[in-house]
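Undergrad: Residues per chain, in single letters:
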Amino acid sequence: MYTFSSKLKTFSFVLMLVGILGIGYGFLTAPKTIQDVEKILKEEEAHHEGGHEAAAAHHEATAESHEAAETHEAAAETTVDSTTVKHEEAVAATTHDTIAKDSAAVAAVPAAEAHTEKAEAHAEKADAHEAHDTKEHAEHVLHQLQNKPWAALYVACIFLMLISLGALAFYAIQQAAQAGWSPILFRVMQGVASYLLPGSIIFFLLLLACGFHMNHLFSWMAEGITVKGHENYDAIIAGKSGYLNFPFWIIRAILFLTVWNLYRHYSRKNCLAQDESNDNTYYKKNFKMSAAFLVFFIVSESIMSWDWIMSVDAHWFSTLFGWYVFASFIVSAVTVIQMVTLYLKSKGYLENVNTSHIHDLSKFMFGFSVFWTYLWFSQFMLIWYANIPEEVTYFVTRINVYTVTFWGAFVMNFIFPILLLINTDFKRITWIIVMAGSIILIGHYVDFFNMIMPGTVGDRWFIGIPEISSLLFFIGLFIFVVFTTLTKVPLVPKRNPFIEESKHFHY
Amino acid sequence: MSSTKVIHALYNDDDILMDAVHKTRAAHHHIEEVFTPFPVHGLDKAMGLPPTRLAICAFIYGCYGLCFATWMMWNIMINPDGGWPQDIGGKPSFSYLQNMPAFIPVMFEMTVFHAAHLMVITFYMRSRLWPFKKAENPDVRTTDDHFLMEVSVNGNEDELVKFFQGTGAVEVKVIDKH
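Sequence order for the protein chains is A and B.
If you're matching positions, the first sequence starts at 4 in this note's numbering and goes up one per residue.
If you're matching positions, the second sequence starts at -3 in this note's numbering and goes up one per residue.
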């Protein structure tokens, strides 16, 4: 039996406490009114330093409208010139016809005047437009800044919840595939998956908060967006409202979260019952249940990724998105299973786990990292290559505004793991695995950050106090829940039909 | 050491063979070669053979393939002096990085191609395998259901024969190698 070390427990509490304080700080410092934002924007303009892209873009727009006005003036001037030239020619042709010359000159002047007037009108219009823009811009920035603490919470929450879901899926795969190496790690996987219940409860509350308009994370939930004639009306989103509407969306969330949690609950129950039974009935039950769960999982996972992640950018869609999200959290889940295993082993709790088990998990970390990269690149390259405006904006934003995190995720999730874990010997060395694992986990947090942030906070992103403390809070909770579950039952299943093979697994 | 004599000890079970290999090594007889009809798991470790470095070769060949693909495509698609950096469907051929995604599939395939093929050729060369090569099996039964251990003879021949008969061999022969 594992006993939760008091140090780790304290550590998890400290993380949660620091996290809560930071989250509170994030919400308190978010601007409340449009006046606050205008003040922030003015300050930014006053500083006028690099990095305030929004302000710069705004200036550019103003400059452009001025330019437009200038062109008009220039056009007016040319008209005057050309008429004058023409009339001089006319003078040469009919030297004595002064009347014609005069009348022409008279005609030319009003034309030029009209043009200048027009240009002035344009300039005025541009000014009016600018004023309107400033207001709209401030409102836009207000929504982004108000979204910041919410989005930070949302990313950290969904990331940790999906890690536990990934551990559950990995566990189900091991059961359905009747793997001979892994039963020794089933209790560890169940431990990691146990975070699913608290995680999904908090996540569900977050979804409700979005639905009750406490934030603007999902633009398709905005009021009047499907009402024709409303100022928020969006024809594209209105066209999707048969799928993207709050009741249907939340019912799907309830269904998925419930079924996942039910599988987690009953599969663990059967696994424990199998320990005390005289035959393999519970094992067989678990086998069938895992196969059924996996079918449900892959359908629900795909829909989940559209609902909770892709719909943040409601104008954009991608067909392989479900797989991409799956790859991202399954590799994180395997990494977490690996890290928990290494921790427990280092404390002397998993005597039957040998370097071959560690090696197998490392191979999964390596393989799934490459799999993630494959999907990441496939999604990116197909859109980049075809460059269809309606879908390429997704990557334009990410590459221009999220340059560091976008390419950083690629480096952390592919380059580092492939170089660190390709060597067979390295796959067994604890410190290398922990290093590669940490990079993978940070990389996939950043990956989720890249998926959510551009659609919610746009160019107002920063990995600051709200983001880090949200992550700390959920990590603390995760550690607390996972290690509490691990203390509940023995770490080695007793009567699993493959447990002997697993104990003596050697690669 | 002028003796060219070797002992051929034949076994019909891989477990017995493994035992015999352990005993032979313990008795400090030099094992020249072991012939088996199929891979016997753990035999290389029992014989004390060093691990293969073929994987390291493959990694290096893969790196080479990646460099080759990059060099090739840069020169054809991008290089302003020597290549043809044309506008093909609006793709940005100003620098390699700008048009990189389009090159990745080729870079990937070239990496795999070089890693795989050069490694296989290395394997053939290192294990001296080629078409029309004269087969080297000392006893045709070793390709079907017998295992053969070849040990060089130093000193007492009869004692050595007795030793191998004691290891469960179904047949022990002394062969004059030329």
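Take these hints with a grain of salt, some might be off.
[Unchecked claim] For each label pair, taking beta carbons as the anchor points, the in silico distance ranges come out as:
id: 1; chain 1: B; residue 1: 28; chain 2: A; residue 2: 428; range: 25 to 31 Å
id: 2; chain 1: B; residue 1: 44; chain 2: A; residue 2: 23; range: 57 to 63 Å
id: 3; chain 1: A; residue 1: 257; chain 2: B; residue 2: 100; range: 38 to 44 Å
id: 4; chain 1: B; residue 1: 100; chain 2: A; residue 2: 350; range: 42 to 48 Å
id: 5; chain 1: A; residue 1: 7; chain 2: B; residue 2: 66; range: 30 to 36 Å
id: 6; chain 1: B; residue 1: 45; chain 2: A; residue 2: 272; range: 48 to 54 Å
[Stated by the list, open to error] Taking beta-carbon pairs under 10 Å as the criterion, some of the chain A residues facing chain B (in silico):
id: 7; residue: 229
id: 8; residue: 346
id: 9; residue: 374
id: 10; residue: 378
id: 11; residue: 387
id: 12; residue: 425
id: 13; residue: 426
id: 14; residue: 427
id: 15; residue: 429
[Claimed, not checked] Listed below are the simulated EDC-like cross-link pairs for lysine to aspartate or glutamate, each with C-alpha atoms no more than 20 Å apart in a straight line:
id: 16; chain 1: B; residue 1: 169; chain 2: B; residue 2: 153
id: 17; chain 1: B; residue 1: 87; chain 2: A; residue 2: 428
id: 18; chain 1: B; residue 1: 158; chain 2: B; residue 2: 28
id: 19; chain 1: B; residue 1: 19; chain 2: B; residue 2: 155
id: 20; chain 1: B; residue 1: 130; chain 2: B; residue 2: 140
id: 21; chain 1: B; residue 1: 41; chain 2: A; residue 2: 394
id: 22; chain 1: B; residue 1: 19; chain 2: B; residue 2: 140
id: 23; chain 1: B; residue 1: 87; chain 2: A; residue 2: 393
id: 24; chain 1: A; residue 1: 491; chain 2: A; residue 2: 504
No wet-lab data here; the hints were simulated from the structure.
Where a beta carbon is used, it is the ideal one built from N, C-alpha and C, also for glycine.
Undergrad: Against each hint, give a clear statement of whether it holds in the structure.
TA: Cross-check of the supplied hints:
1. The beta-carbon spacing between residue 28 of chain B and residue 428 of chain A, approximately 30 Å, falls within the hinted interval of 25 to 31 Å.
2. Between residue 44 of chain B and residue 23 of chain A the beta carbon distance is about 60 Å. The supplied range of 57 to 63 Å therefore holds.
3. Under the hint 38 to 44 Å, the C-beta atoms of residue 257 of chain A and residue 100 of chain B, about 41 Å apart, fit the expected range.
4. Range check, residue 100 of chain B to residue 350 of chain A: Cβ separation about 43 Å, and the 42 to 48 Å hint holds.
5. With their beta carbons about 52 Å apart, residue 7 of chain A and residue 66 of chain B fall outside the hinted range of 30 to 36 Å.
6. Separation of residue 45 of chain B from residue 272 of chain A is about 50 Å and conforms to the stated range, judged on CB atoms against 48 to 54 Å.
7. For residue 229 of chain A, the suggested interface contact is broken, since its CB lies about 36 Å from the closest CB of chain B, more than 10 Å.
8. Interface restraint check for residue 346 of chain A: the shortest CB-CB distance to chain B comes to about 30 Å, outside 10 Å, so the restraint is violated.
9. Against a cut-off of 10 Å between C-beta atoms, the interface hint on residue 374 of chain A is violated, since the closest Cβ of chain B lies about 14 Å away.
10. A cut of 10 Å between beta carbons decides the hint on residue 378 of chain A: the least distance to chain B is about 14 Å, and the hint is violated.
11. At its closest, the beta carbon of residue 387 of chain A sits 5 Å from a beta carbon of chain B; the interface hint therefore holds under the 10 Å criterion.
12. The beta carbon of residue 425 of chain A comes within 7 Å of a beta carbon in chain B, closer than 10 Å, and the hint placing it at the interface holds.
13. The interface hint given for residue 426 of chain A is met, as the beta carbon of that residue sits about 9 Å from the closest beta carbon of chain B, less than 10 Å.
14. With 10 Å as the threshold, the beta carbon of residue 427 of chain A comes within range of chain B, its nearest partner Cβ sitting at about 8 Å, so the hint holds.
15. The beta carbon of residue 429 of chain A is not positioned within 10 Å of any beta carbon in chain B (closest approach about 12 Å), and the interface hint is therefore violated.
16. With a C-alpha separation of about 11 Å, the suggested pairing of residue 169 of chain B with residue 153 of chain B holds against the 20 Å cut-off.
17. At most 20 Å may separate the alpha-carbon atoms for a hinted pair to count; residue 87 of chain B and residue 428 of chain A exceed this at roughly 43 Å.
18. For a cut-off of 20 Å, the pair hint linking residue 158 of chain B to residue 28 of chain B stands: about 18 Å separates their Cα positions.
19. Distance restraint check for residue 19 of chain B and residue 155 of chain B: the Cα-Cα separation of roughly 15 Å lies within the 20 Å cut-off, and the hinted pair is therefore satisfied.
20. Between residue 130 of chain B and residue 140 of chain B the alpha-carbon distance is near 18 Å, which keeps this suggested pair within the 20 Å criterion.
21. Among the hinted pairs, residue 41 of chain B with residue 394 of chain A is inconsistent with the structure: their alpha-carbon atoms are about 56 Å apart, more than 20 Å.
22. Of the supplied pair hints, the one linking residue 19 of chain B and residue 140 of chain B is violated, its CA atoms being roughly 25 Å apart against a limit of 20 Å.
23. With a CA separation close to 18 Å, the supplied pair residue 87 of chain B and residue 393 of chain A stays within the 20 Å bound.
24. Distance check on the hinted pair: residue 491 of chain A and residue 504 of chain A sit about 25 Å apart at the alpha-carbon level, beyond 20 Å; violated.
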